[in-house]
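Protein sequences appear in the order of chains A, B, C and D. Position 96 of the first sequence, counting from 1, maps to 95 under numbering that gives the first Met the number 0, and the rest follow consecutively. Position 246 of the second sequence, counting from 1, maps to 245 under numbering that gives the first Met the number 0, and the rest follow consecutively. Position 48 of the third sequence, counting from 1, maps to 47 under numbering that gives the first Met the number 0, and the rest follow consecutively. Position 51 of the fourth sequence, counting from 1, maps to 50 under numbering that gives the first Met the number 0, and the rest follow consecutively.
Calculated directly from the structure, the hints in this document are not laboratory data. One thing to keep in mind: the hints can contain errors.
Which copy? The list can't say, so a pair holds if one copy fits it or any two copies do.
Under the rule of at most 30 Å between Cα atoms (straight-line distance), these lysine-lysine pairs were calculated in the DSBU-like manner [unchecked claim]:
hint: 1; residue 1: Lys142; residue 2: Lys223
hint: 2; residue 1: Lys233; residue 2: Lys146
hint: 3; residue 1: Lys4; residue 2: Lys115
hint: 4; residue 1: Lys8; residue 2: Lys115
hint: 5; residue 1: Lys76; residue 2: Lys232
hint: 6; residue 1: Lys111; residue 2: Lys2
hint: 7; residue 1: Lys232; residue 2: Lys159
hint: 8; residue 1: Lys60; residue 2: Lys76
hint: 9; residue 1: Lys151; residue 2: Lys111
hint: 10; residue 1: Lys145; residue 2: Lys132
hint: 11; residue 1: Lys111; residue 2: Lys222
hint: 12; residue 1: Lys142; residue 2: Lys2
hint: 13; residue 1: Lys198; residue 2: Lys41
hint: 14; residue 1: Lys145; residue 2: Lys42
hint: 15; residue 1: Lys13; residue 2: Lys60
Protein chains: 4
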Amino acid sequence: MTKIKVLEKPRLSKPLLLVGLPGVGNIGRVAVGYLVSELKAKKFAELHSKWFFPFVVLHDKSVASLLKNELYYYKGKKAGERDMIFLVGDCQSLSPQGHYEVIDVIMDFAEKLGVKEIITVGGLATGELDSAKGLIGAVSDEKVMKKYRKYKIDFNAGEKVGYIVGAAGLMLGIGKERGIEGLCLLGQTSGFPIVTDPKAAESALDVLVKMFGLKIDMGKLEKKVDEMEKFIKKVEGLQMKAVSELAKASKAPSSGEQLRYIG
Amino acid sequence: MTKIKVLEKPRLSKPLLLVGLPGVGNIGRVAVGYLVSELKAKKFAELHSKWFFPFVVLHDKSVASLLKNELYYYKGKKAGERDMIFLVGDCQSLSPQGHYEVIDVIMDFAEKLGVKEIITVGGLATGELDSAKGLIGAVSDEKVMKKYRKYKIDFNAGEKVGYIVGAAGLMLGIGKERGIEGLCLLGQTSGFPIVTDPKAAESALDVLVKMFGLKIDMGKLEKKVDEMEKFIKKVEGLQMKAVSELAKASKAPSSGEQLRYIG
Amino acid sequence: MTKIKVLEKPRLSKPLLLVGLPGVGNIGRVAVGYLVSELKAKKFAELHSKWFFPFVVLHDKSVASLLKNELYYYKGKKAGERDMIFLVGDCQSLSPQGHYEVIDVIMDFAEKLGVKEIITVGGLATGELDSAKGLIGAVSDEKVMKKYRKYKIDFNAGEKVGYIVGAAGLMLGIGKERGIEGLCLLGQTSGFPIVTDPKAAESALDVLVKMFGLKIDMGKLEKKVDEMEKFIKKVEGLQMKAVSELAKASKAPSSGEQLRYIG
Amino acid sequence: MTKIKVLEKPRLSKPLLLVGLPGVGNIGRVAVGYLVSELKAKKFAELHSKWFFPFVVLHDKSVASLLKNELYYYKGKKAGERDMIFLVGDCQSLSPQGHYEVIDVIMDFAEKLGVKEIITVGGLATGELDSAKGLIGAVSDEKVMKKYRKYKIDFNAGEKVGYIVGAAGLMLGIGKERGIEGLCLLGQTSGFPIVTDPKAAESALDVLVKMFGLKIDMGKLEKKVDEMEKFIKKVEGLQMKAVSELAKASKAPSSGEQLRYIG
Numbered sequence: 000m001t002k003i004k005v006l007e008k009p010r011l012s013k014p015l016l017l018v019g020l021p022g023v024g025n026i027g028r029v030a031v032g033y034l035v036s037e038l039k040a041k042k043f044a045e046l047h048s049k050w051f052f053p054f055v056v057l058h059d060k061s062v063a064s065l066l067k068n069e070l071y072y073y074k075g076k077k078a079g080e081r082d083m084i085f086l087v088g089d090c091q092s093l094s095p096q097g098h099y100e101v102i103d104v105i106m107d108f109a110e111k112l113g114v115k116e117i118i119t120v121g122g123l124a125t126g127e128l129d130s131a132k133g134l135i136g137a138v139s140d141e142k143v144m145k146k147y148r149k150y151k152i153d154f155n156a157g158e159k160v161g162y163i164v165g166a167a168g169l170m171l172g173i174g175k176e177r178g179i180e181g182l183c184l185l186g187q188t189s190g191f192p193i194v195t196d197p198k199a200a201e202s203a204l205d206v207l208v209k210m211f212g213l214k215i216d217m218g219k220l221e222k223k224v225d226e227m228e229k230f231i232k233k234v235e236g237l238q239m240k241a242v243s244e245l246a247k248a249s250k251a252p253s254s255g256e257q258l259r260y261i262g
Numbered sequence: 000m001t002k003i004k005v006l007e008k009p010r011l012s013k014p015l016l017l018v019g020l021p022g023v024g025n026i027g028r029v030a031v032g033y034l035v036s037e038l039k040a041k042k043f044a045e046l047h048s049k050w051f052f053p054f055v056v057l058h059d060k061s062v063a064s065l066l067k068n069e070l071y072y073y074k075g076k077k078a079g080e081r082d083m084i085f086l087v088g089d090c091q092s093l094s095p096q097g098h099y100e101v102i103d104v105i106m107d108f109a110e111k112l113g114v115k116e117i118i119t120v121g122g123l124a125t126g127e128l129d130s131a132k133g134l135i136g137a138v139s140d141e142k143v144m145k146k147y148r149k150y151k152i153d154f155n156a157g158e159k160v161g162y163i164v165g166a167a168g169l170m171l172g173i174g175k176e177r178g179i180e181g182l183c184l185l186g187q188t189s190g191f192p193i194v195t196d197p198k199a200a201e202s203a204l205d206v207l208v209k210m211f212g213l214k215i216d217m218g219k220l221e222k223k224v225d226e227m228e229k230f231i232k233k234v235e236g237l238q239m240k241a242v243s244e245l246a247k248a249s250k251a252p253s254s255g256e257q258l259r260y261i262g
Numbered sequence: 000m001t002k003i004k005v006l007e008k009p010r011l012s013k014p015l016l017l018v019g020l021p022g023v024g025n026i027g028r029v030a031v032g033y034l035v036s037e038l039k040a041k042k043f044a045e046l047h048s049k050w051f052f053p054f055v056v057l058h059d060k061s062v063a064s065l066l067k068n069e070l071y072y073y074k075g076k077k078a079g080e081r082d083m084i085f086l087v088g089d090c091q092s093l094s095p096q097g098h099y100e101v102i103d104v105i106m107d108f109a110e111k112l113g114v115k116e117i118i119t120v121g122g123l124a125t126g127e128l129d130s131a132k133g134l135i136g137a138v139s140d141e142k143v144m145k146k147y148r149k150y151k152i153d154f155n156a157g158e159k160v161g162y163i164v165g166a167a168g169l170m171l172g173i174g175k176e177r178g179i180e181g182l183c184l185l186g187q188t189s190g191f192p193i194v195t196d197p198k199a200a201e202s203a204l205d206v207l208v209k210m211f212g213l214k215i216d217m218g219k220l221e222k223k224v225d226e227m228e229k230f231i232k233k234v235e236g237l238q239m240k241a242v243s244e245l246a247k248a249s250k251a252p253s254s255g256e257q258l259r260y261i262g
Numbered sequence: 000m001t002k003i004k005v006l007e008k009p010r011l012s013k014p015l016l017l018v019g020l021p022g023v024g025n026i027g028r029v030a031v032g033y034l035v036s037e038l039k040a041k042k043f044a045e046l047h048s049k050w051f052f053p054f055v056v057l058h059d060k061s062v063a064s065l066l067k068n069e070l071y072y073y074k075g076k077k078a079g080e081r082d083m084i085f086l087v088g089d090c091q092s093l094s095p096q097g098h099y100e101v102i103d104v105i106m107d108f109a110e111k112l113g114v115k116e117i118i119t120v121g122g123l124a125t126g127e128l129d130s131a132k133g134l135i136g137a138v139s140d141e142k143v144m145k146k147y148r149k150y151k152i153d154f155n156a157g158e159k160v161g162y163i164v165g166a167a168g169l170m171l172g173i174g175k176e177r178g179i180e181g182l183c184l185l186g187q188t189s190g191f192p193i194v195t196d197p198k199a200a201e202s203a204l205d206v207l208v209k210m211f212g213l214k215i216d217m218g219k220l221e222k223k224v225d226e227m228e229k230f231i232k233k234v235e236g237l238q239m240k241a242v243s244e245l246a247k248a249s250k251a252p253s254s255g256e257q258l259r260y261i262g
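Generate coordinates for the entire structure from the input sequences, incorporating the hints supplied.
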């Protein structure tokens with residue numbers, strides 16, 4: 000019940016997998032989503048899972064869709080560009096074992112496509128409204144750090160952060176076990192849960208664009224952020240609501256008829 | 000451990016699957032349950048699952064039964080009528096992954112019976128005691144909306160609602176992935192959890208009867224609602240009670256002998 | 000990871016399965032446990048499961064054992080006696096799906112031994128300290144009720160109770176689906192969780208002894224109850240403690256170093 | 000999704016498995032970890048599991064790693080020494096069924112290496128700041144108790160403790176079912192969750208060193224404890240944080256836009 004539906008089988012040369020899922024500040028989701036849209040990357044696969052929240056989202060004109068993660072590809076066209084696969088999505092898994100299972104399925108799929116390198120983009124909640132906007136980096140291996148040092152990434156994550164929760168970190172760890180090189184970029188943001196931080200996403204985007212010699216128009220970022228935020232808020236809001244409903248139910252007095260417990 | 004017990008293998012021609020499970024206002028359960036009873040639809044299969052609450056319900060004369068979902072069929076007899084399958088039941092799944100797994104089993108089964116079209120009936124809690132009673136609709140595909148537009152369904156669900164939780168929505172989404180056309184009808188109700196809303200169920204029933212050219216006697220609805228509500232309340236009440244017991248246990252002081260934690 | 004370890008393969012003729020697991024008032028556990036001991040029934044199988052609480056219990060002399068359910072058999076020796084299998088144990092499952100899975104494994108095993116009839120013994124918490132002590136009964140089928148009517152069992156359970164939670168009920172329901180006749184006997188008790196009710200257990204025992212024409216000495220019941228209660232309290236106490244620890248942890252302020260959430 | 004990655008296949012003669020995982024006072028983790036380091040035991044396998052917390056830990060220089068358990072071996076070199084396998088790790092499982100599943104995988108692996116004997120080291124929280132420091136012992140079998148009686152272990156655990164939660168106990172119980180002899184040593188500590196107790200670990204270490212005729216330098220213990228504690232605190236702190244985040248979310252008012260529940 001974690002299935003990837005393949006729409007097209009692209010032929011790619013040593014593609015890099017770039018991952019941006021919803022999370023703190025939605026930095027990864029926004030940065031990678033904007034790249035997909037600006038590069039006109041092509042969707043070629045879709046992932047659904049029983050580990051996602053059990054609801055459908057309604058789009059314009061009341062068309063319903065399951066929650067999903069999506070895979071896009073981009074074939075490097077100009078000099079210096081390389082083939083890339085983008086993983087974006089509506090949500091992460093609901094439970095710990097779900098995280099491991101979904102990422103395992105994605106990694107199996109990525110390996111078949113020849114992926115040997117992965118970059119995940121996430122957020123770091125600093126708890127301060129006015130935090131520095133630099134990117135913090137973590138790696139699967141010291142040699143990856145050397146490769147990307149020139150991009151003004153703060154690689155003192157070990158001291159500053161200590162751990163990375165969820166898909167952005169777990170993909171690095173699971174990839175490493177499979178011999179895939181990994182870099183995780185964390186944009187710093189204040190961290191109030193449902194707030195998308197477009198500034199932090201822009202910082203991440205700037206670095207990614209430089210890393211891969213991409214040319215994109217940053218002018219539409221603000222508009223795009225608005226669109227994406229609306230949708231992500233919807234999903235997050237409902238998940239919170241569901242947790243809250245459950246908590247309320249658990250406090251409900253057994254009013255009315257007095258229920259009797261049997262066993 | 001999600002098993003369908005088949006009592007009879009009906010031969011049906013392009014059957015529509017109509018789904019009404021317990022939920023907000025129990026609108027789907029009541030509307031579809033009443034159709035089953037008035038059309039004298041025949042039960043042909045029963046589903047049990049480890050994802051349902053682990054208890055038995057006692058009926059008249061103390062006969063115990065597992066919680067179940069039931070499948071009925073009706074062969075269109077008069078001109079304009081079509082073959083239909085009805086899914087009704089005592090409960091939905093307890094956990095997110097349970098929802099996905101149970102619906103997957105149902106969809107496998109429905110596809111084998113030739114189902115290419117599904118309608119689910121649910122409720123929308125407005126939070127207002129005196130809410131408008133129109134039906135809100137969501138679809139798997141724009142063309143489904145066109146097909147049913149004439150039945151006074153409000154298809155601005157995307158704006159008004161945004162998402163549909165549980166089986167009514169998930170069946171639409173999972174069906175869509177399998178190429179099954181889907182419509183979800185949501186009756187509006189105030190939404191206080193354990194209250195069945197017969198008025199909203201009647202509105203849904205009115206639309207369903209028109210859609211499929213059915214002739215049924217609405218006179219017994221009130222009596223039927225009373226019967227069904229009693230049973231649904233029983234199941235819901237116990238589920239709440241169980242959650243509440245757990246919450247109480249978690250607050251219990253380790254009184255009496257002082258327990259010591261070991262690890 | 001729900002395994003039955005078979006110590007001996009008894010040859011039994013149409014054995015009845017009699018089930019007494021811990022629950023409200025520990026009525027089933029005590030009544031069936033006392034029968035096992037008085038009849039010198041022989042242990043022939045043991046069940047362990049990942050759905051039980053993850054700890055070992057220490058017996059005299061610090062010998063550790065996994066939580067388990069146990070199966071004993073008794074070959075009817077005197078006129079009027081029949082072959083019986085007894086299921087007793089330390090605990091029930093921790094989770095809803097665990098209940099279904101463990102009972103399914105037990106039922107598969109019982110069917111292979113020729114079981115066509117099952118009696119489960121449980122408790123009903125009335126919430127009143129001074130409640131009537133009669134037994135309440137539920138059945139898989141009306142004909143079972145007729146068979147046992149003469150034993151002063153109150154078969155108005157449908158009205159009085161409505162549902163039976165946990166193994167005592169679920170075994171009836173799952174057995175019914177397999178064509179096994181079932182009776183559930185519920186002793187009435189005040190229902191404060193960790194209290195064993197020896198009076199209610201004695202009432203159940205009286206009925207069981209008459210039903211199967213057994214001759215046992217009731218004189219040692221009190222002593223036996225003390226022994227069993229000590230152990231059951233241990234298991235229950237720790238389960239509560241564990242839930243409580245979790246609740247406390249969830250309220251802990253992120254004191255000391257301020258943790259930062261990352262994703 | 001509980002996998003053991005084998006780095007080397009050692010040939011061992013009747014190896015003893017010695018287990019020290021994080022837990023109360025981190026006594027087992029520290030005592031066994033120190034042995035591994037002083038004996039220069041060689042790492043030969045690593046275990047990852049979907050039952051561990053879904054994050055990566057960042058080490059020096061921002062290198063990320065999945066949570067893991069590790070297996071080391073030591074070939075007895077001097078007279079009186081025996082071959083040993085050490086199991087240490089970052090964490091235990093998150094859920095009850097995870098405990099059973101992970102330990103089952105470890106036991107399968109250990110049996111293939113010829114293990115017939117296991118010693119687990121854990122802690123007992125006494126709730127008193129100034130508690131006696133003696134070791135409490137539990138066994139799989141009475142004969143094990145006789146074997147180790149001379150080492151001043153208090154074998155009245157049955158009365159004093161009653162049960163052992165988590166891997167230290169469960170390994171004894173699961174091992175016993177497989178015919179593996181087991182001893183569990185519990186160091187007594189005050190028991191405030193995130194505090195490592197080096198004194199209690201030293202007591203356990205003293206006994207282990209005598210048992211197996213090992214010669215190690217205890218002088219570096221304090222420094223080693225500091226190192227280990229830092230890391231264990233990191234993992235524990237985040238697990239608490241995560242539970243606390245969830246609790247907060249469940250109390251969040253559905254502020255801002257009023258969410259509506261649908262089903």
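Would you list, in rising numerical order, the hints stated earlier that this structure does not obey?
Per hint list: 5, 8, 9, 11 violated.
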